[in-house]
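Trainee: Each chain, letter by letter, is given below.
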Amino acid sequence: TQLLEQSPQFLSIQEGENLTVYCNSSSVFSSLQWYRQEPGEGPVLLVTVVTGGEVKKLKRLTFQFGDARKDSSLHITAAQPGDTGLYLCAGHNAGNMLTFGGGTRLMVKP
Amino acid sequence: DVKVTQSSRYLVKRTGEKVFLECVQDMDHENMFWYRQDPGLGLRLIYFSYDVKMKEKGDIPEGYSVSREKKERFSLILESASTNQTSMYLCASSLGRDSEAFFGQGTRLTVV
Numbered sequence: 001t002q003l004l005e006q007s008p009q010f011l012s013i014q015e016g017e018n019l020t021v022y023c024n025s026s027s028v029f030s031s032l033q034w035y036r037q038e039p040g041e042g043p044v045l046l047v048t049v050v051t052g053g054e055v056k057k058l059k060r061l062t063f064q065f066g067d068a069r070k071d072s073s074l075h076i077t078a079a080q081p082g083d084t085g086l087y088l089c090a091g092h093n094a095g096n097m098l099t100f101g102g103g104t105r106l107m108v109k110p
Numbered sequence: 111d112v113k114v115t116q117s118s119r120y121l122v123k124r125t126g127e128k129v130f131l132e133c134v135q136d137m138d139h140e141n142m143f144w145y146r147q148d149p150g151l152g153l154r155l156i157y158f159s160y161d162v163k164m165k166e167k168g169d170i171p172e173g174y175s176v177s178r179e180k181k182e183r184f185s186l187i188l189e190s191a192s193t194n195q196t197s198m199y200l201c202a203s204s205l206g207r208d209s210e211a212f213f214g215q216g217t218r219l220t221v222v
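Heads up: the protein sequence lines correspond to chains A and B, in order.
Heads up, the first sequence is in the numbering used here, so the first residue is 1 and it goes up one at a time.
Heads up, the second sequence is in the numbering used here, so the first residue is 111 and it goes up one at a time.
Check each hint, because a few of them may be wrong.
[Said to hold, decoys possible] Covered stretches of chain B, going by a simulated chain A footprint (3 or more residues, C-beta under 8 angstroms):
1) 143-156
2) 164-173
3) 199-205
The set of hints was computed from the structure by calculation and includes no laboratory data.
Remember, predicted model here, so these are calculated numbers, not experimental data.
Beta carbons are placed, not taken as given, at the ideal position from N, Cα and C, and that holds for glycine.
Produce the complete structure using the sequences and hints provided.
Mentor: If you want it as structure tokens, here you go:
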């Protein structure tokens with residue numbers, strides 16, 4: 001099993017604050033993905049990072065893949081209540097299997 | 111749009127019953143997955159299929175089996191349901207390696 005550990009598990013912040021969520025593993029992944037899940041729905045893809053050191057931006061969200069392709073981070077600038085949700089990182093291994101981390105539950109208070 | 115459809119949103123079954131959870135995708139995806147989601151544990155992979163009649167065990171296959179007779183359909187079977195299998199079950203499909211996984215809306219199963 002290739003484990004993905006996310007931190008923190010829970011995060012409660014005020015609107016306008018910045019935050020970073022981490023996804024770490026001892027294994028190398030061919031790619032890492034970040035998903036967001038809202039209550040009663042399945043996860044929805046935010047981004048896929050493939051190249052070591054890659055940085056991708058999606059409006060106020062910045063995603064980074066570690067140089068060794070073992071870890072990733074998600075940084076949110078000026079968080080808004082609409083960012084509230086469960087953020088999940090996921091990694092593909094060589095055999096196409098997709099493994100998820102434990103998730104970070106974010107709450108942004110107005 | 112890709113659509114992944116799970117047969118039931120909510121299901122209540124008795125201990126010892128055989129339970130079938132059905133999942134259908136309409137985008138000719140090669141890969142299909144079954145996960146269970148429990149509070150604080152994220153999504154844990156039960157089984158994975160990369161082709162018709164092909165399957166691989168995930169992290170927690172005990173107590174479950176799967177069937178993929180057609181490319182678009184992936185079934186999860188609980189041979190004899192137990193209370194510790196009460197959970198949210200999510201099905202997903204993807205085109206290939208490093209591709210986006212598309213999820214169904216989930217089946218909340220309660221075993222009493």
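Trainee: Run every hint past the structure and note whether it holds.
Mentor: Checked hints:
no. : hint    : in the structure
1   : 143-156 : holds (count 8)
2   : 164-173 : holds (count 3)
3   : 199-205 : holds (count 3)
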